[in-house]
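Engineer: Each chain, letter by letter, is given below.
Protein chains: 2
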Amino acid sequence: MARWKPDARARLEKAALALYREHGFAQTTVAEIADRAGLTERTFFRYFADKREVLFSGADVLQQQLVSALDDAPSALSAIDAVGRAVEAVAGLFEQRRDFARKRQAVISENAELQERERVKLASLASALADALRRRGIREPAASLAAEMGITVLRLAFERWINDKEDRQLARIMRDSLNELKLVTAGKG
Amino acid sequence: MARWKPDARARLEKAALALYREHGFAQTTVAEIADRAGLTERTFFRYFADKREVLFSGADVLQQQLVSALDDAPSALSAIDAVGRAVEAVAGLFEQRRDFARKRQAVISENAELQERERVKLASLASALADALRRRGIREPAASLAAEMGITVLRLAFERWINDKEDRQLARIMRDSLNELKLVTAGKG
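Order-wise, the sequence lines are chains A and B. The opening position of the first sequence corresponds to residue 2 in our numbering, with each subsequent residue numbered one higher. The opening position of the second sequence corresponds to residue 2 in our numbering, with each subsequent residue numbered one higher.
Heads up, the list lumps identical chains together, so a pair's fine if it works in one copy or across two of them.
In silico EDC-like cross-links for lysine to aspartate or glutamate, where the CA-CA straight-line distance does not exceed 16 Å: (1) K104 / E23; (2) K189 / D82; (3) K189 / E141; (4) K183 / E141; (5) K183 / D82; (6) K189 / D177; (7) K104 / E160.
These are computed hints drawn from the structure, not numbers from a lab. On a predicted model such as this, the values are computed, not experimentally measured, just so you know.
For reference, chain A alone in the conformation it holds in the complex (with noise of 0.2 Å):
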């Protein structure tokens, strides 16, 4: 499904995020992530723009296949179905990570500059969606509102997901996700 490239930058991935762990984002140098995998700092220019990037290389990828689920959904669906549609096929992105998601997330929810960062990325994602709803022929103001509901029950069900007990796969939470906020906004919260 993914096209993450093995190895080298597994190794340079699994590396950053143990460092990030152990001393902290702020203090972690490329030097530092290159040694530990065993790999040369011009290898890790290789795959990443900076040390940051490690964390947010999957951004892409992720924004693609939203898009391209949401352009393949059936269109008889209505917009927020078309978008419940969608988030649900990126779930597996996610469900063959889940160990890089959770320690990424812990990176992440230490950083003030990473979680601005985070927060941006999502909002590209929502416009996104926007985008490919408003060629579907949903106008505005819907095609915005439904495209935020999206990445509302993308980050919650994420976040659900992380600190789940009960092991339960994303794409089902998402799933619940979605409904809670249809009885939410329907008053039934």
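Based on these hints, arrange chain B on the given structure of chain A.
Structural biologist: Frame of chain A; chain B shown alone:
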């Protein structure tokens, strides 16, 4: 006139916004802002921690008023309608400074760092609303979902109001946006 402190703050804000728009946020210094306002740098720092805070100093009052409006909303209201009530209650804060709000938005939309800061501010507002909802006995994830819906309505309604050709009241645009959100979530978008 210059001796009145409330006036000094307003003059600094006006001077800062003018300079941010003329030369860009990054290029403007506190010395220039004070100079344009006919005041000293020392006076500037009596009101603002730095040049970024000229744009964000309203956030505390906004959060306070949102939360107290939510605390005051009738307990019979559903979570989403209580949030809608709170969001509408702060429309006046923006209405009384429409010109400032517009110019501020123009500055923020041209600077990535300011956009990140704005997003983080909105995220804190959502957290504060979710806390207030839990105090009303709303459980998770309903509290977080309703809070996120409220901030989405606030943000999108604000953007529409800033660009509104018909000069409609922000409170009315907020009400319309919440209704549209309900329609979209009910699959009618």
